[in-house]
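Peer 1: Spelled out, the chains give:
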Amino acid sequence: MSFVEKLQNIDRRWIYILAWIFVLYPLINPLGLPVPIQKESTAWNKAINDIPDGSVVVFSCMFSIASIPELYPMTIATFSHLMTKNCKIIVATFWNDGALVFDQTLLKQIDPATYGKVYGKDWIDLGYAPGAETAMRAFADDMVNTFPSDYLYSKPTSSYEIMQNIKTAADVDIIVSFESGTPGVGEWLRQWNTPYGTKLIVGCSGVSAPGMAPYLQSGQLNANLPGLTSTAEYELLIKRPALATAGVDAVSMSHLLVVLLVILGNVGYFATRGRKS
Amino acid sequence: MVELITLFGTYIAVFVTLGIFTILYKENPWYRTSESLFLGLAVGYGVAQQMLFVRDQWAGQWSKSSIMMIGYFLALLVGIMWYFRFSKKYFYIYRWPLAVIVGTGIGASLRTVMIAQFLDQIRAQALLNLWVPNNIWPTTINNICMFVMTPAVLLYFWFTGADSKPGFMKYVDKLARYTMMAGFGSAFGYTVLTRYSLFIGRAQFLLGIPPNLAEGYPAFIVMALIMLASMIGYDLMQKKKTTAV
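Top line first, the protein sequences correspond to chains A and B.
So the first sequence is residues 30 to 306, counted in our numbering.
So the second sequence is residues 956 to 1200, counted in our numbering.
Bear in mind the hints are in silico, worked out from the structure with no lab data behind them.
There could be a bad hint or two in this list.
If the Cβ cut is set under 8 Å, some of the chain B residues that face chain A in the computed set are [to be verified]: (1) Pro984; (2) Gly1015; (3) Ser1018; (4) Gly1060; (5) Val1068; (6) Asp1075; (7) Thr1146; (8) Phe1154; (9) Gln1159.
If you want the footprint, here are the derived chain B segments under chain A, 3+ residues with CB under 8 Å [unchecked claim]: (10) 963 to 971; (11) 1076 to 1085.
Here are the simulated lysine to aspartate or glutamate pairs, EDC-like style, with alpha carbons at most 16 Å apart [said to hold, decoys possible]: (12) B/Lys981 / A/Asp40; (13) A/Lys196 / A/Asp171; (14) A/Lys114 / A/Asp82; (15) A/Lys114 / A/Asp171; (16) A/Lys150 / A/Glu162; (17) A/Lys228 / B/Glu1170.
We put the beta carbon where it would ideally sit given N, CA and C, even for glycine.
Just chain B, same shape as in the assembly (with noise of 0.2 Å):
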């Protein structure tokens, strides 16, 4: 048997989640609470995470030495300094956090982008193997093709903005082109995947399969009929404002 407030709590997410549906229709009140709602959740949630590290740090090894206070101490001094961004008067004081947070950010990641983003792709390319005989396709072929395609991007966008290109580069601009429409094409394809995924998720919760809770499609039938029946009176109820308008 399922406790009460398990039960409470299924009726509530297939609110929400039939809630946030409602938007396919239209806007409505009751996508307007569901929104309402996860966003406050959301950021509440964010602040007491954030408030919970603050706290962990002060005492797993911040108040272990006075040094360290006052490092804290300065610490949080610039977390309070990005609050002066909501004041006309003193917003130049919210630059300085801002700047150290860029700066140590840009900071961290110049170490190694050079070498993780950049030559070691061009090592793989370079390393390429054009030749696979146990495996022409797919290997072989898409070697080739990698090897070919990716100089032809990168020429297509260092030679941008010319008027008229050489007879060599119309057929590599031609060839680049395509690339990025298979590259586009295969984004969307993914993005389809992950969209309908996310509703499929979604889905399963509403219909109960397991590992979700088998209340969940009573309680989906429930929720469904109740806001179905709200928005066609909702929808009426507007159509006889405008009219009498």
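Just chain A, with the same shape it has in the complex (with noise of 0.2 Å):
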């Protein structure tokens, strides 16, 4: 079997080595490489800034554990920024692992209150409504019915200040959502912006980024920031470097890899089937 031939049967362990090998060594020795900032992360970072005093805003972790690895560090960086303004913060999910990704890690890492944010007057974390769309849409119509205690104290959700004024998505100025899969943004579209006009920002992982762009183009999502790298970006721009940019290192070396093996793995199919014809 010529090299050209053994090419077309790497054996896949043998790839997955490599891999271990491009994405570790730069997270054990970063290699420092640049970070240009592209329009996504400045459009987010922009969103968050626009976003005027006294405003309300609904904050969702549409992903389950699975996706932490991708979508908490642009959680965790939002969030902070989102902490640093006067706004009005509701935490709700229509995704079973939400309340969980909130509570346990995202709270784990910034406090409200050392932002001077006080539990039930400037923030509430409403946790977790299964029934997908159709509870998106019963939140938008009545959010205290859909979620009659909250999340940390099960205290009833009319008790809190905050609600008092906020009774449904008419109330409410900008979604701010970070998402897997379904339900997320075709949802909060036809449930919250459609009916209600409420702006949308989705944070995403990058295999759900190219189905966003219609909306971005439409004007329907105002801004969308889709995986690690973009986070990186982000987290730059509000200088709080962290998880994304402590690995973007690794996503470019592995990105390099698969770059490489499609080349390697063309030269080997162009070439076999040059000699099998």
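Two independent chains are provided; combine them into the complex using the hints.
Peer 2: Structure below.
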């Protein structure tokens, strides 16, 4: 078997070993590759900066534990950025693990009290409601009855000061949603953006990014932060380098490996195709 | 100093992470254990969350009047009817709650789907600005590409199936195929980004990169060595068994 034929039959386990090396090496020895700031992260930063004082924000972790590695850094960065703004934040999710992601991981990194935010007055965690799109519709029409009690203290939602003037989606200025599938952007658009005109910005896993492009172009989506690379740019923009910035060298190296493998595969394919014919 | 329970949790998390990664080598007991653990926890957690919601709904609004109580118990009854899916004799009962769920889901989405995901897209396409003097590259070029490529792909699918296409449509077909290939390429690139991002996130945990616990790194070394040794042992044992047979 010639070299080019061997290229067609590399044992996948060698590729996995290469993947481990290409990811672990830059994490252990950071290469300091440049991180050019692109328009997605700039638009995201602007969308958060432009939230007017006194606005009401719905903050939603619409992803499961499995998507934490990619979506967690952008969720932390955005939540910390929102904490510096003078706005009311309602945390709610329609994904089973969303409440856990927020409560067990995000709140351990960011304590709203250190930003002077008071629970029940400046922000509230309503937790999870099952039912996907129908629940999102119910939440838009009647927030308190969709989440009769809050997630952190199990007290009646209506008893909190923050909920006194926030009843329906019409009282919300912007949705900040992080998501990796359905329910997600389509449901927010159908049940919130179109009927109530609520602004929407979405942070998503890279694999969902092409699906966001039409909504971004039509203006239904005000900003989109796709994947780890854009998150690294955003972290640099808000001067809070963290997990995404630490991982961006590994992203570059892993993509380099994939490009090399695609080139090698093509070389092998075209070389052997000529011989067979 | 890290608490013992946190340290224990870190070791378990490292074990499960590496256990799942061992599938890259081949099917093995570590992988199956980790997979079952994950599935069991996910299902258990999911059920608990749903039950919490049912409880909160009762306490929060449905227990306030007798009419609402009846409504609540009717909803519970519809929920219980789902379980007839597991009965061959009464399977038809399962179709009723299914019809309710499908009906409400479609009804809720149909309200605005035409505007949100059809008309707004057409409007955006019609309003494309084909000449942006201060931004020829990339905005003007991008807009021209979208103006030409989107109808090309739509025409490609409208006229799919015709044996022979008129001359002009051949060019449209070719343009549509190139457009779709560009779309698939972009989707593939982003998919690679996502898959590697997931791996990088777990690698950061294994290496103890903040805000992950620093104890993850020694746990990674210890657990990796134990798993490697046990998998080599397992492999040799399997080979011996095969030879004996």
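Peer 1: Now tell me, hint by hint, if it's right for this structure.
Peer 2: Taking the hints in turn, this is what the structure says about them:
no.	hint	in the structure
1	Pro984	19 Å, violated
2	Gly1015	2 Å, holds
3	Ser1018	10 Å, violated
4	Gly1060	6 Å, holds
5	Val1068	6 Å, holds
6	Asp1075	5 Å, holds
7	Thr1146	5 Å, holds
8	Phe1154	6 Å, holds
9	Gln1159	6 Å, holds
10	963 to 971	violated (count 0)
11	1076 to 1085	holds (count 3)
12	B/Lys981 / A/Asp40	12 Å, holds
13	A/Lys196 / A/Asp171	6 Å, holds
14	A/Lys114 / A/Asp82	7 Å, holds
15	A/Lys114 / A/Asp171	26 Å, violated
16	A/Lys150 / A/Glu162	28 Å, violated
17	A/Lys228 / B/Glu1170	42 Å, violated
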